[in-house]
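Given chain S, work out where chain Y should sit, using these hints.
For the record, the sequence lines run as chains S and Y. In this text, residue positions in the first sequence follow my numbering: the first is 1, and each later residue adds one. In this text, residue positions in the second sequence follow my numbering: the first is 1001, and each later residue adds one.
Don't read these hints as lab results, they were simulated from the structure. Just to be clear, a hint being listed does not mean it is correct.
To be clear about the criterion: a stretch of chain S counts as covered by chain Y if any three or more of its residues have a C-beta under 8 Å from a C-beta of chain Y, and this derived list gives those stretches [said to hold, decoys possible]:
no., stretch
1, 28 to 34
2, 56 to 65
The calculated lysine to any residue pairs, modelled on SDA-like cross-linking and capped at a C-alpha distance of 25 Å, are [claimed, not checked]:
no., chain 1, residue 1, chain 2, residue 2
3, S, Lys43, Y, Met1353
4, Y, Lys1011, Y, Lys1052
5, S, Lys47, S, His25
6, Y, Lys1357, S, Val79
7, Y, Lys1286, Y, Asp1103
8, Y, Lys1267, Y, Gly1105
9, Y, Lys1025, S, Thr23
10, Y, Lys1357, S, Asn75
11, Y, Lys1052, Y, Thr1067
12, Y, Lys1357, S, Glu91
13, S, Lys99, S, Ala59
14, Y, Lys1025, S, Ser120
15, Y, Lys1357, S, Ser120
16, S, Lys43, Y, Arg1355
17, Y, Lys1120, Y, Ile1094
18, S, Lys116, S, Glu91
19, Y, Lys1052, S, Glu83
20, Y, Lys1025, S, Asn75
21, Y, Lys1025, S, Ala59
22, Y, Lys1357, S, Leu38
23, Y, Lys1025, S, Glu73
24, Y, Lys1025, S, Glu90
25, Y, Lys1140, Y, Ala1039
26, S, Lys101, S, Ser120
27, S, Lys116, Y, Gly1105
28, Y, Lys1025, S, Glu122
29, Y, Lys1357, S, Ala117
30, S, Lys47, Y, Lys1357
31, S, Lys6, S, Thr24
32, S, Lys43, Y, Lys1011
33, S, Lys43, Y, Pro1358
Beta carbons: idealized from backbone N, C-alpha and C, even for Gly.
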Amino acid sequence: MMKFTKSHEWVRPEGGIVTMGITTHAAEALGDVVFVELPDVGKSFDKGAEMAVVESVKAASDVYAPVSGEVVEVNSAIVDAPEQVNEGPEEGAWFVKLKLKDESELESLMDEAAYKAQLSDE
Amino acid sequence: MNDTPQNTLLKTLPLDALHRELGGKMVPFAGYEMPVQYAMGVKGEHLHVREKAGLFDVSHMGQAFLTASDHAEAASAIETLVPGEIAGLSPGRIRYTVLLADDGGVLDDLMITRTEEDGKLFLVVNAATKDADFALIEEKLAGRAKLDVLGRSLLALQGPLAHTVIGALDPMAPEMPFMSMRHTQLEGIPVTLSRCGYTGEDGYEISVANSDAEALARRLLAHEDVAPIGLGARDSLRLEAGLCLYGHDLTEADTPVSAAITFAIGKRRRQEGGFPGAERILRELKEGCEAVRVGLRPLGRAPAREGVEVRSAEGEVIGAVTSGGFGPTFDAPVAMGRVEARFAEPGTVVHLMVRGKPMEAEVVRLPFVPQRYYRGAR
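One chain only, chain S, in its complex shape (with noise of 0.2 Å):
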């Protein structure tokens, strides 16, 4: 199931793995990527440590790690194509996949319904 976090990141948690992006509702505010930058696969990133930038035409934003872990594969194929950000944000065009380092802090995440009334409110 997917959880969301306040700065509209979203993950996928699989058996220890965690595959993360950041949500429609993000991509949209940005509008057309145009850059992405990836962390190398090996580097270990405290939950809410800037992690990975994504930047639009207008402006540049830092995506920051949803949960505790270590970087166990990243999403190239959006470095050389950043417009797939724009095309499918919570399906393709996943950032970065996560060892996660402790399973309790995915409590701590929104879930849909939670990250949509989170949404309304801003």
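Here is chain Y on its own, set in the frame of chain S:
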């Protein structure tokens, strides 16, 4: 991803309701709530202007008439504040120049038009600086010329099809020379029509009464080739065209020489001087200055934004990026910056410190995308 906080106490444009109706995403800019983009998005809007025609609301900019006994007097008055050739302007012609501080620093860049009416100049200045500009002009020219600040809207129609769109409403418009102005009517609406703009494309700026602005905007938007364009694309268009954004690429710390806009200084003025900071500016024209504005082309894919440090290939700090982003037509990152003069030669490889990492970039001649102003019969 973080959201930016909302500012309060913002002024609204006369066309505010129309921008919202068109789906404009409103952001604070120069004290106004302004559309940064519409549904098409910055990239789509940018490309639309380069291919067809885009309508911009630039009513936040300052407009004023400066009136004196005759043209010679109006020109000699304003020439005490700007280095442009104003005395020699023919009626109906526009000049780009700069307003100077006593030390030759640039207070603003502006357009000055000699109207058809003797002794009357039309000024268009930047939004963020308009109050200070007008106060300075009034104070310095008191007793010589009278300044009337206009509460009018300003629309810009820019792009290779702008002349056909305006031409359908005013058959004389397509033949207007670049940098000329006429009083005319567009479907019965009285306007001041200027063939100029700030996108690098052919186009017009239309000064119109606030009460007529919406009808005119709707009439122009009804044309199938015209789309509304926000501030985001306005910025990427002018950056690709190599044009300065005041407060960023051009500041009070610059002279027209360091900002590489020496075309803002008239030929006669270079002989005669007589403008603020003339001694310094004329010396810099001859000897150059320490730092100058240049084009910077990042060689990788990462855009370098304003404030990014510029280093030499050897690692010494030599300047900073003053504007930067992604050029949708250039299809790559584009930037401008201020660098030490000895690194200003096109072809020089420099490093842009993006997020602490050096990214290679090349000093290039501006513009990134050739300007396509109207230069006579097509």
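Now for the hints, and whether the structure bears them out:
no.: 1; hint: 28 to 34; result: holds (count 5)
no.: 2; hint: 56 to 65; result: holds (count 9)
no.: 3; hint: S:Lys43 with Y:Met1353; result: holds (22 Å)
no.: 4; hint: Y:Lys1011 with Y:Lys1052; result: violated (31 Å)
no.: 5; hint: S:Lys47 with S:His25; result: holds (21 Å)
no.: 6; hint: Y:Lys1357 with S:Val79; result: holds (17 Å)
no.: 7; hint: Y:Lys1286 with Y:Asp1103; result: holds (17 Å)
no.: 8; hint: Y:Lys1267 with Y:Gly1105; result: holds (19 Å)
no.: 9; hint: Y:Lys1025 with S:Thr23; result: holds (19 Å)
no.: 10; hint: Y:Lys1357 with S:Asn75; result: holds (21 Å)
no.: 11; hint: Y:Lys1052 with Y:Thr1067; result: violated (37 Å)
no.: 12; hint: Y:Lys1357 with S:Glu91; result: violated (31 Å)
no.: 13; hint: S:Lys99 with S:Ala59; result: violated (30 Å)
no.: 14; hint: Y:Lys1025 with S:Ser120; result: holds (17 Å)
no.: 15; hint: Y:Lys1357 with S:Ser120; result: violated (38 Å)
no.: 16; hint: S:Lys43 with Y:Arg1355; result: holds (17 Å)
no.: 17; hint: Y:Lys1120 with Y:Ile1094; result: holds (13 Å)
no.: 18; hint: S:Lys116 with S:Glu91; result: holds (18 Å)
no.: 19; hint: Y:Lys1052 with S:Glu83; result: holds (23 Å)
no.: 20; hint: Y:Lys1025 with S:Asn75; result: violated (31 Å)
no.: 21; hint: Y:Lys1025 with S:Ala59; result: holds (15 Å)
no.: 22; hint: Y:Lys1357 with S:Leu38; result: holds (14 Å)
no.: 23; hint: Y:Lys1025 with S:Glu73; result: violated (36 Å)
no.: 24; hint: Y:Lys1025 with S:Glu90; result: holds (23 Å)
no.: 25; hint: Y:Lys1140 with Y:Ala1039; result: violated (45 Å)
no.: 26; hint: S:Lys101 with S:Ser120; result: violated (32 Å)
no.: 27; hint: S:Lys116 with Y:Gly1105; result: violated (51 Å)
no.: 28; hint: Y:Lys1025 with S:Glu122; result: holds (14 Å)
no.: 29; hint: Y:Lys1357 with S:Ala117; result: violated (38 Å)
no.: 30; hint: S:Lys47 with Y:Lys1357; result: holds (23 Å)
no.: 31; hint: S:Lys6 with S:Thr24; result: holds (13 Å)
no.: 32; hint: S:Lys43 with Y:Lys1011; result: violated (47 Å)
no.: 33; hint: S:Lys43 with Y:Pro1358; result: holds (20 Å)
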